[in-house]
Every structure is written in C-alpha cells, then in structure tokens.
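Chain order of the listed sequences is A and B. One point on numbering: in numbering that gives the first Met the number 0, the residue at position 56 of the first sequence is 55, and numbering is uninterrupted. One point on numbering: in numbering that gives the first Met the number 0, the residue at position 200 of the second sequence is 199, and numbering is uninterrupted.
No lab work stands behind these hints: they were computed from the structure. Remember, it's a predicted structure, so these values are computed and weren't measured experimentally. Hints may contain errors.
To be verified - Selected chain B positions facing chain A (Cβ under 8 Å, derived; list incomplete):
1. G72
2. T73
3. Y76
4. L77
5. L78
6. A79
7. A80
8. A82
9. R86
10. V89
The beta carbon of each residue, even a glycine, is placed where N, CA and C say it ideally should be.
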Amino acid sequence: MTAALAAAFAVETRGLTKRFGAHAAVDDVHLAVPRGSVFGFLGPNGSGKTTTIRMLLGLASATAGEIRVLGRDMPHELNTVLPQVGALVEGPAFYPFLSGAANLHRLDTANRYAPGSTRNTRVRDALARVGLGHAEHKKVHAYSLGMKQRLGLANALLSPRELLVLDEPTNGLDPQGTREVRHLVRSLAADGATVFVSSHLLSEIEQICTHVGVMSAGRLVSQGTLDELRSTSDRRVRVVTPDPEAATRVLSGLGMQPVAFSESDLRPGDVESGVTAGLTDSVAPEEVVAALVTAGVRVRGFELVSSTLEERFVELTGEGFDVVQ
Amino acid sequence: MLGALAAIPVLIAIAVRVTSGSSSGRGPAFLDQITQNGLFVALTAMVVSTPLFLPLTVGVVAGDTISGEASHGTLRYLLAAPAGRVRLLVVKFVGAAVFCLSAAGSVVLAGILIGAILFPVGPVTLLSGDTVGPVESIGRLALVASYVAVSLLGLSAIGLFISTLTDVPVGAMAATVVLAVTAQVLGALPQLDWLHPWLFTNYWLGFADLLRQPIAWDSFGSNAVLQLGYIVVFGALAYSRFTTKDVLS
Ligand SMILES: Nc1ncnc2c1ncn2[C@@H]1O[C@H](COP(=O)(O)OP(=O)(O)OP(=O)(O)O)[C@@H](O)[C@H]1O
Ligand SMILES: [Mg+2]
Chain A
0 MTAALAAAFA VETRGLTKRF GAHAAVDDVH LAVPRGSVFG FLGPNGSGKT TTIRMLLGLA
60 SATAGEIRVL GRDMPHELNT VLPQVGALVE GPAFYPFLSG AANLHRLDTA NRYAPGSTRN
120 TRVRDALARV GLGHAEHKKV HAYSLGMKQR LGLANALLSP RELLVLDEPT NGLDPQGTRE
180 VRHLVRSLAA DGATVFVSSH LLSEIEQICT HVGVMSAGRL VSQGTLDELR STSDRRVRVV
240 TPDPEAATRV LSGLGMQPVA FSESDLRPGD VESGVTAGLT DSVAPEEVVA ALVTAGVRVR
300 GFELVSSTLE ERFVELTGEG FDVVQ
Chain B
0 MLGALAAIPV LIAIAVRVTS GSSSGRGPAF LDQITQNGLF VALTAMVVST PLFLPLTVGV
60 VAGDTISGEA SHGTLRYLLA APAGRVRLLV VKFVGAAVFC LSAAGSVVLA GILIGAILFP
120 VGPVTLLSGD TVGPVESIGR LALVASYVAV SLLGLSAIGL FISTLTDVPV GAMAATVVLA
180 VTAQVLGALP QLDWLHPWLF TNYWLGFADL LRQPIAWDSF GSNAVLQLGY IVVFGALAYS
240 RFTTKDVLS
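I would like the entire structure built from these sequences, with the hints used as guidance.
Listed below in structure tokens is the structure:
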C-alpha cells in the first residue's frame, strides 16, 4: 500500500510491445499517467489502444517491456493491483439471461477481495450511479446498447477504485448518457481517482481530460498535458482585409510567411480576401495589428487561431481514412 | 439438461410397460427383469445412458466452462475482477464435477421413482445370486450413481482443457464428446488390447461389480485411480494453458 501511494504515476510502461505474429500492435510504448489525472488515450481505429489496456490489466502478456500500475509490477502483482482498478474493456459483456443486478453480483463475487457483507448495497449504489436503478431486475438481453454500456460502467464502480480504465466509455450512449459519463469521470477524479479513458471522440476528451496520449499504428506519438499537446502546434494569425497584398507585405516585413486566403479559409460573412500566417515567438499579436494599421491596411477582422485538438490529432496520426496496419 | 437425462428412465419404463409381455430376451441385460422389479429401471437407464447420453451432457458442460465465458466476453471481466486464473479454473472444474454427480444422480433417482410407480418393487437378486432387500438395493443404486459420476470426472478434465484452447464453445463441446465416443470405439477393438487400460472409458460399464455380494470394489478402485490420473494430467495441461493464455475475446 505504501509503495502504491508513493508512486507518482498511476500507470507507467517502459518499452511496452505486443506482437501478433510479425505485426506489432503496440510498439515500444512509454506511457506515464500521473496520479489523479484524467488521461485521454487517443488514437485511430486499430492503433493499439485496447491491446495496451489488455496488457495493463494482465489479460494479455506483453511481448516486451515493463508495466507498473499503481506503483506495482504487472502482471506479477496482479492480485494486489486489480482490486483497486475498475475496468471497461472493449465494450461491456454480460450473461444475457441474468438481470443487470445478478450480473454485477456474479462479477463482484468473482472478486475475492470484495466483502460479501456490503455486496447488495454496493451493487445497488453502482446501478443508481449510472442511472440503471429502474432496470436492475431486467434481463440483460433486453437492455439497449446504451444500457449495457452503463451496466459496464457500473461494474467498474462496484468497489472504491484508485484507477479506472475505461475503453470508449461513451460508445452508444445518448447525449444525456454522455454528459452523465463526463460528470461521473469528473466526480471520480475529484475523489482522487485516476481515470484512464480511451476514445476517439476528441471533443469528449477535450472536455474531461487533463492529460493526453496519442497512439498511431501502435506507437505513442505524443503525450503530455492537454495544453502542452495543443501548444506544441503553432498559433496563427488570421487577418480579414480588402487589401491582402498590402497585408502580405507588412507581415512579410515582420518575418512571417503569410498566405492569402484560399476558398476553405473563408467563413460566412467574411469579405472576399485576407491572409493567414504562422505566428513566430518574436512577434506578439498586438504588434502585428499595430504594424498593419500603421501601414494603412484596412483591417476588418483579426484573430488568433490555435489549432484544435482535432487538427493536432490529424497532424499526429495522418489524414488517411484507411486503417493503418 | 438434467431434465432430459431424467427423461431417459421414464421413457424406458413407459416403453417396457406398454410392450410388456410380448418382449422377453431382447434388449439390454436387465430389460426383461423390469416388469418383475421396478428398481431395474434405474439400472437399465444407467447402462443405456453411460455410453452416450451422459458423456454428451458432460461434454456440453465441461466444454463450455472457459470457452463459454470467452465467447460471452465475460472472461475478461471475471479475470479483471480479479477472479484469479487458477481459482477460476478450479471453480469451473468443481462445477463440472458437481454436474457429473447430479447427472448420474438424476438418472438413478428418476429411474427409482418411475420404476416404483409403474412396477412392483421387491427384493433384488444380485449378480452373485444373493438376494437383498429394496432398501439395500437403493443403496447399491446410489453406489452405481457415484461410480458413474466418478467415471465422468476424467472426461470433465479433458473438456476443461479443450475449453481453454478456444473461444468457440460449440467446438470445445463437440471435441469433448467426439473424444468420449472415440475412446469407446478404441476400447471395443481387441487389436488395441494394450491401450485399453489407459482409456478413460475403460471402466465405464464396470459398475456391475457393485451388484455382487460382497461388493467387489476392484473396478471402483481402478476406475477412481484412472480418473484421478486423467484429472491430474489434463488439469495440469489446462493450468499451463490457461495461466499463460492471452485473453483477447
Ligand atoms: N487477437 C488478435 N490477433 C491479431 N491481431 C490483433 C488481435 N487483436 C488486435 N489485433 C491487432 O492489433 C491492432 C490494434 O488493435 P486494438 O484493438 O488495440 O486497436 P484499438 O486502438 O483499440 O482500435 P479501436 O479504436 O478500433 O478500438 C490492430 O491492428 C488489430 O488488427
Ligand atoms: Mg479498441
């Protein structure tokens, strides 16, 4: 317990690799998930998110590399670690002919560290927490996709957890459910738990995460706080003006590389022209405006654009729609 | 499944009842004695179901143990609970063993009940020629049931092992049942004499020895040792397979 508390990282991997035959599904991944963070694990389909999660939980063995979860070696200390970890892996899975509550009972009984005396209360609380209180006695085969997903979350919340590993938790949920999950994640984090959540819904991640890791074709291509990830990409200035040539001259004079608006840069209500340019560290945005006005450029709009997480994500993982192997 | 097994003695008893008088000397050894003593229904049902019906149900249960969880996807949640791989394997095997006992038990129990309803019940003449009363006879039938239950433990261990190899329960069930049938076919070939003592089916029909006075425990003992051997070997195989298996279902 002391070792677990002392560790700065809830999840830490070194050189984590998993091969299926010759194909490396996870390739030399060095994850560092700080304690107490909400860590968004991003990546396109087939980039190795679920495979990584399976290894973190000791379901699959790593081909190479080390894993520490809550400061302990996995999978060797699995029995100490897993009772503190709530998991949702690649969608929920239940016995179709048992009710939601009965399914949770069965899974809680499987956890030999969960006290039987509080089982009923814990099952009921977990169901209430995901809004399934009214459907607890319904057979799971009669659950909708979103209800199953909620039941999966309830299973992860059966015991007090230090770490939650949630693989695409909002899959199949309605807008209310999605909001609830965001609430849930925030409240878990507020209680001091670390939440490791995989997704490819960037807006989602942007709203709840403090840290982000991006996977692409089995490799971890970026990792850090959400702000770090966004700010490593350049900020740009966007100038709307009827005098694009003059504006171009001024910006070039400041050492920037302006480009005239292309069709796709135009927004509804814009005049027909303008320029954008990357902002260098040596020039402050307000100096750009001052220079433009001094030079007599008719500035109709000036905007500082930092790239969205989505742009950053595409930048890191590539434009192509086809699944990368 | 237990219900289906219990239906076997019922069917036998009704068939004999309906056709009684006309058929004597045909069918399995005890069939024509049923009309004189209802307790023989249970014995006949046991002889009839041991080669196929019981192994079939045991194959279904044992083959489903791990692969069934894998195909539902619940295996990953059980292991993440954490259930512990060894513990899960042990619990699953105990479950299969309990099923063996209930399966054999329900055949015998249903046989005794239906026999008592449709036919007279009286003292039974044993294979050794001695006669025992109905109460002792029922005791002997209980012994037969436990003999058959023990006989099926080896097959359960085999099914458990096969179940760790695949995520498709039907495949594991079919493979287990096919093995049970194959072993019996091999056991029937005199050319393979040397192999017979090693087949888990070798003593399956040896429960007749429990119907002598005094009881001949030899085949019970040899059977138990043989089944234990199968449990150890296939238990170890299942252990080494399951504890290193990647759960990707
Ligand atoms: N059992 C398996 N056998 C062989 N290859 C596999 C297996 N499971 C996954 N893979 C491969 O590993 C790679 C990563 O898969 P993984 O399921 O981890 O992706 P993911 O990031 O979770 O994708 P998604 O967003 O679609 O859930 C894929 O290329 C996939 O083909
Ligand atoms: Mg996945």
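Hint by hint, which ones does this structure get wrong, listed from lowest number up? 10
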